[in-house]
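Generate the whole structure from the sequences, applying the supplied hints.
Protein sequence lines, in the order shown, are assigned to chains A and B.
Okay, so the first sequence: first residue is 1 according to this note's numbering, each after it adds one.
Okay, so the second sequence: first residue is 1001 according to this note's numbering, each after it adds one.
Any given hint could be a false lead.
Here are the computed distance ranges between Cβ atoms for each label pair [to be verified]:
(1) B:Asp1053 to A:Ala125: 40 to 46 Å
(2) A:Gly148 to B:Ala1130: 56 to 62 Å
(3) B:Ser1161 to A:Pro182: 54 to 60 Å
Here chain A is said to cover these stretches of chain B; the calculated rule only asks that three of the stretch's residues, wherever they fall, bring their Cβ under 8 Å from a Cβ of chain A [to be verified]:
(4) 1027 to 1039
(5) 1077 to 1088
(6) 1137 to 1145
(7) 1172 to 1183
Think of the hints as simulated: they come from the structure by calculation, not from any bench.
We put the CB at the ideal spot given by N, CA and C, even for glycine.
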Amino acid sequence: MALILGIESSCDESAAAIIGTDRTIYAHRLQTQEDEHKDYGGVVPEIAARAHAQHITPLIEAALADADMTLNDMDAIAATAGPGLIGGVMVGLVTGKALAMAAGKPLVAVNHLEGHALSPRLVDAELDFPYMLLLVSGGHCQILRVDGVGQYRRLATTIDDAVGEAFDKTAKILGLGYPGGPQVEKLASTGDPKAVPLPRPLLRSTEPHFSFAGLKSAVLRAHQSGDYGDADLAASFQQAVLDCLQDRLEKTLREHGGMKSLVVAGGVASNAAIRAMLKTVAASHGMRFVAPPPWLCTDNAAMIGWAGAERFEAGLTDPLDIAARPRWPLDEHAEKARGAGVKA
Amino acid sequence: MHTLVIDTATEACSVALFDGDKLIAGNYAKLGRGHAERLVPMIAALPGNGKADAIIVNCGPGSFTGLRVGLSAAKALGLAWSVPVTGYNCLGLVAIMALVQQDGVDGVDVAMHGGHGEFFVQPYAPDGKAAGELASLTPEIAAARLQYNLIAGSGSEKLVSLCDNARALSLWPDARQAMRLPEHARALPAEPVYGRAPDAKPMAQQAKTR
Ligand SMILES: Nc1ncnc2c1ncn2[C@@H]1O[C@H](COP(=O)(O)OP(=O)(O)OP(=O)(O)O)[C@@H](O)[C@H]1O
Ligand SMILES: [Mg+2]
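Spelled out as structure tokens, the structure:
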């Protein structure tokens, strides 16, 4: 059994965790920056980087103390190397490099998205490759075929906004503050999902991709019309997202059958309505449904430690001069989907 | 007692290992960019991986990213080796380096590239003590406020071009010179001195300016 220190700093959560290759989570510390960014209605990169620089080492120290371990007990140091806000990524990656060098342990530079993508395997020992993954987060909305560690084939992606971004923008329109996803979900539970007529971009389209920009604009117009209550708007928005996700996913599952498991990951996967929908989709395709617990869906260091563990066991370590990457698609060979706003 | 010095606050990237005040080994590179890639390998190339009983790091003001690279590495090494980490001021080291080179001057103004075309400027007395406040100024305003005839730092040439009777000494901080700082000046808290607030407006303000 190997022990991995995981470090995460790519967006607005600083985190450190100690993970065993036996799937034990020995420690997990997380410091969110919600307070630092809330007056700005979104994450400010320089503010995020400053906060990571302040918090990351104390978090690692606390995680080691929680586990009653030292750096010498670790077998490798894993740090997020991208994609994300580069200033923050650099903080965590340089910290990881310095720890690895000082302790004489290998460095594993982890793709944050691989952290999300492999996170279900941390909590489900039965989840074998290959599997079908819906990755829904603040910066991404993709369907990927996961064939193994480092082996991803992107089957669909958003041509404009990510789904988490759509939740965050809707929250902003409704004055719910940041981060928006959980607040929109809460408000939606008290509204009527059929109250507001909203578009379902790309529904039944022959291309496999997603689109959410038009939905967000429609929410803004409906809100400005003054004809609808906030709860009905939130509920109708969430329903439109559900319909789009389901339609696009069904299409991909029809065209790429044969997968035993349907897996969801990323921050938006903590949404209960989306999880419930995915469960029925999986059942109707005779697939097993796997979703990590909500805390493992949003950004955290346990998933980085776990991805580090999987890579370490596969013999994949990295040199100390490796560069942080603001953009880093899981499938480097994926064709460019139409649209300019695609993040990966 | 061994001390590791890390300096990534400017275009230059340097490391040094001292035994007491004596330099054992060091490295200095004028990088521009790429400190996050070069720094740790540079430290690893020092004798014994740079392992020391104390770590000293340039805390700025300087490049925001550069400061964080140096401080993150310093704090991580401090944790790994269980040794204390302290800091020194970027302009303070440049002042000392200038005063050592130019014996007998009545003081030096230090000017380093900052953000948005501004310079971080501060005057220093011949004993290396600050003789005025740190400020981030446009080149023109900085030139008008100079106190001495000697200007040192990455912004010195530009400022000299804007005024009469001044001499420029192009200099970047160098970890190998850090032990020239008086002891108290290298015992500052290992916290970044950004010298400028982040460029971001709160939503309340955004709404007003829209
Ligand atoms: N319950 C929820 N319902 C809907 N969205 C949610 C919920 N909880 C979180 N989110 C959304 O998840 C996103 C954050 O997820 P995550 O932390 O994985 O994204 P990120 O790290 O910012 O982006 P990426 O992983 O793509 O780089 C935010 O957009 C947030 O609004
Ligand atoms: Mg994420």
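Check of the segment 1172 to 1183 of chain B against chain A for coverage (Cβ-Cβ below 8 Å, three residues minimum):
violated (count 0)
Confirm or reject the claim that serine 1161 of chain B and proline 182 of chain A have a C-beta distance inside 54 to 60 Å.
For serine 1161 of chain B and proline 182 of chain A the Cβ distance comes to about 56 Å; the hint holds.
At least three residues with a C-beta closer than 8 Å to a C-beta of chain A: is that true for the segment 1077 to 1088 of chain B?
It holds: at least three residues are needed, and the segment 1077 to 1088 of chain B offers 5 whose Cβ sits within less than 8 Å of chain A.
With a C-beta cutoff of 8 Å, work out whether three or more residues of the segment 1027 to 1039 of chain B approach chain A closely enough for the coverage to hold.
holds (count 5)
So the hint says 56 to 62 Å: do the beta-carbon atoms of glycine 148 of chain A and alanine 1130 of chain B match that?
holds, 58 Å
Quick check: the segment 1137 to 1145 of chain B, covered by chain A? Criterion 3+ residues, Cβ under 8 Å.
Three-residue rule not met by the segment 1137 to 1145 of chain B, so violated; n is 0.
Does the beta carbon distance between aspartate 1053 of chain B and alanine 125 of chain A stay inside 40 to 46 Å, or does it fall outside?
holds, 45 Å
The structure shown violates the earlier hints numbered 6, 7.
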